[in-house]
Each structure stands twice: as C-alpha cells, then as structure tokens.
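Chemist: Sequence:
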Amino acid sequence: MRRVGVLVACLVLGGASSALAGPPTEQLKVGIDRVIQVLADPKLKSAAKTAERRATLAEITNPIFDWPEMARRALGRHWQDRTDAEREEFVRLFHDLLERSYIATLERYNGERVTYVGESVEGEQATVRTKVLDKNNRELPVDYRMLRRGDRWLIYDVQIEGVSLVANYRAQFDQIIRTSSYARLVAKLKSPS
Numbered sequence: 000m001r002r003v004g005v006l007v008a009c010l011v012l013g014g015a016s017s018a019l020a021g022p023p024t025e026q027l028k029v030g031i032d033r034v035i036q037v038l039a040d041p042k043l044k045s046a047a048k049t050a051e052r053r054a055t056l057a058e059i060t061n062p063i064f065d066w067p068e069m070a071r072r073a074l075g076r077h078w079q080d081r082t083d084a085e086r087e088e089f090v091r092l093f094h095d096l097l098e099r100s101y102i103a104t105l106e107r108y109n110g111e112r113v114t115y116v117g118e119s120v121e122g123e124q125a126t127v128r129t130k131v132l133d134k135n136n137r138e139l140p141v142d143y144r145m146l147r148r149g150d151r152w153l154i155y156d157v158q159i160e161g162v163s164l165v166a167n168y169r170a171q172f173d174q175i176i177r178t179s180s181y182a183r184l185v186a187k188l189k190s191p192s
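All residue numbers for the sequence shown refer to numbering that gives the first Met the number 0, where the first residue is 0 and numbers rise by one.
Check the hints yourself; a few may be wrong.
[As the list claims (entries may be wrong)] Result set (PhoX-like, lysine-lysine): computed pairs, CA atoms no more than 25 Å apart in a straight line:
#1 28 x 187
#2 28 x 44
#3 134 x 44
#4 42 x 28
#5 134 x 28
[Unchecked claim] Label-pair restraints from in silico Cβ distances:
#6 135 x 171: 29 to 35 Å
#7 123 x 86: 17 to 23 Å
#8 84 x 61: 17 to 23 Å
#9 182 x 119: 36 to 42 Å
#10 44 x 147: 19 to 25 Å
#11 85 x 62: 23 to 29 Å
If you're looking for bench data, these hints aren't it; they were derived computationally from the structure. Glycine is no exception: its CB is placed at the ideal position from the N, C-alpha and C atoms.
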C-alpha cells in the first residue's frame, strides 16, 4: 500500500475540475482551493515561513474533517470501553498524529491536479470520488467519505485505491491494544516520533 500520508495530501492538492458538483463536492473544493492558494503563495514558501504556512494550512484543513467521528471509527470496538475523558483525549491525540504526520506532505505540492469524477449522497452520508493526476497524468483514485453535520459536509474517511485511512489505523490501533494495552497506544500517540 502506498504511504497513508498521500491520503491527506490528496485532499488539498492540485487544480480542480468538477464533473458533478453537489454540496459535498462544492464544500470539499472550497477547502482544496484555499489550500492551493497557501501552497502557491510565494510569500509563504521560505523556510522562515514554515510555522506560519503550517498554521495556515491547519486552520484551513481542520474544519474539513469530522475529527471525533474519524477517531471513533479508527479506535473501533475499543471506543465504547473508553470514558468521556479518554475519548476526548484520543480525539485530540489522533488529530495531532495526522497533523504532525501529514502537513509536511502537503508542502511537497508539485502541480498535481484533482479531478472530481462523481458524488453519491445517501441521507446524511456522501462519497465524493476524485482522481489525483500527477504531471505524467498517472491517476490515483481517492474517495472522500463524508457526513452531514448541520449545513456542512465533513470528511470522516479517505480511501485511496480502495484502502481506507480509518480502517488502516483501526487495524494498527487494535493490534497495539490486543498485544499490549490502551495505555500503550496512548503513550505511542503522545510520542512525537
């Protein structure tokens, strides 16, 4: 499987064209367009602007995700055994893990394009199907699974070539908990390495 970091990068990379543009696709495209502006801004490209650039990227991308839902699904069956305080801590740690791991990936933007190829909506859930095209026109299918929260559509999973980000983390987290403990998982998530 390609490095999971590509998943988050695909969210915010490339110029975008839209085949079907319902509310989920439109909202996703707004976030992508804003990130592209930051990545393309010459005033934010220097190493001296790294902290400012990353803070701006996080400010744009954080509201696009349903972090509690994503964390709940990533923890899987172990979620129900957690207290409210443990759940809050896990959501924060999971968010920090993704942000720490993948903001740098976004900064490697190199002209990739995102083409929107379709959207399906069933009640409060939607899937926005895209293809990421590199400069050699190689295609990478990326699907965004979203939930409606009020008037917003938020991402709760990303699938690249059919492989789910949430399922990948769920398998890793379950393995750690089964072979060690939930406390060990939390300790690993707190470690910046």
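Chemist: Please work out if residue 134 and residue 28 have their alpha carbons no farther apart than 25 Å.
Modeler: Given that 25 Å is the threshold and the Cα spacing comes to 20 Å, the pair holds.
Chemist: What's the verdict on residue 42 and residue 28, does the C-alpha distance respect the 25 Å limit or exceed it?
Modeler: Given pair residue 42, residue 28 holds - Cα atoms ~23 Å apart, limit 25 Å.
Chemist: For the hint 17 to 23 Å, verify it against the beta carbon of residue 123 and that of residue 86.
Modeler: 21 Å, holds
Chemist: Quick one, are residue 28 and residue 187 close enough, alpha carbons at most 25 Å?
Modeler: 34 Å, violated
Chemist: Do residue 84 and residue 61 keep their Cβ atoms within the hinted range of 17 to 23 Å?
Modeler: Distance hint for residue 84, residue 61 holds at roughly 22 Å.
Chemist: With 29 to 35 Å as the target window, see if residue 135 and residue 171 comply at their CB atoms.
Modeler: Holds, at about 32 Å.
Chemist: Next pair to validate is residue 28 with residue 44; report whether the Cα-Cα distance is within 25 Å.
Modeler: Holds, at roughly 22 Å.
Chemist: Would you say the C-beta atoms of residue 85 and residue 62 sit inside 23 to 29 Å of each other?
Modeler: 24 Å, holds
Chemist: Regarding the pair residue 134 and residue 44, is the alpha-carbon distance no greater than 25 Å?
Modeler: With Cα atoms ~21 Å apart, residue 134 and residue 44 stay inside 25 Å; holds.
Chemist: Okay, residue 182 versus residue 119 on CB: inside 36 to 42 Å?
Modeler: 40 Å, holds
Chemist: When you take the CB atoms of residue 44 and residue 147, is the distance between them in 19 to 25 Å?
Modeler: 36 Å, violated
Consistency note: the structure conflicts with the earlier hints numbered 1 and 10.
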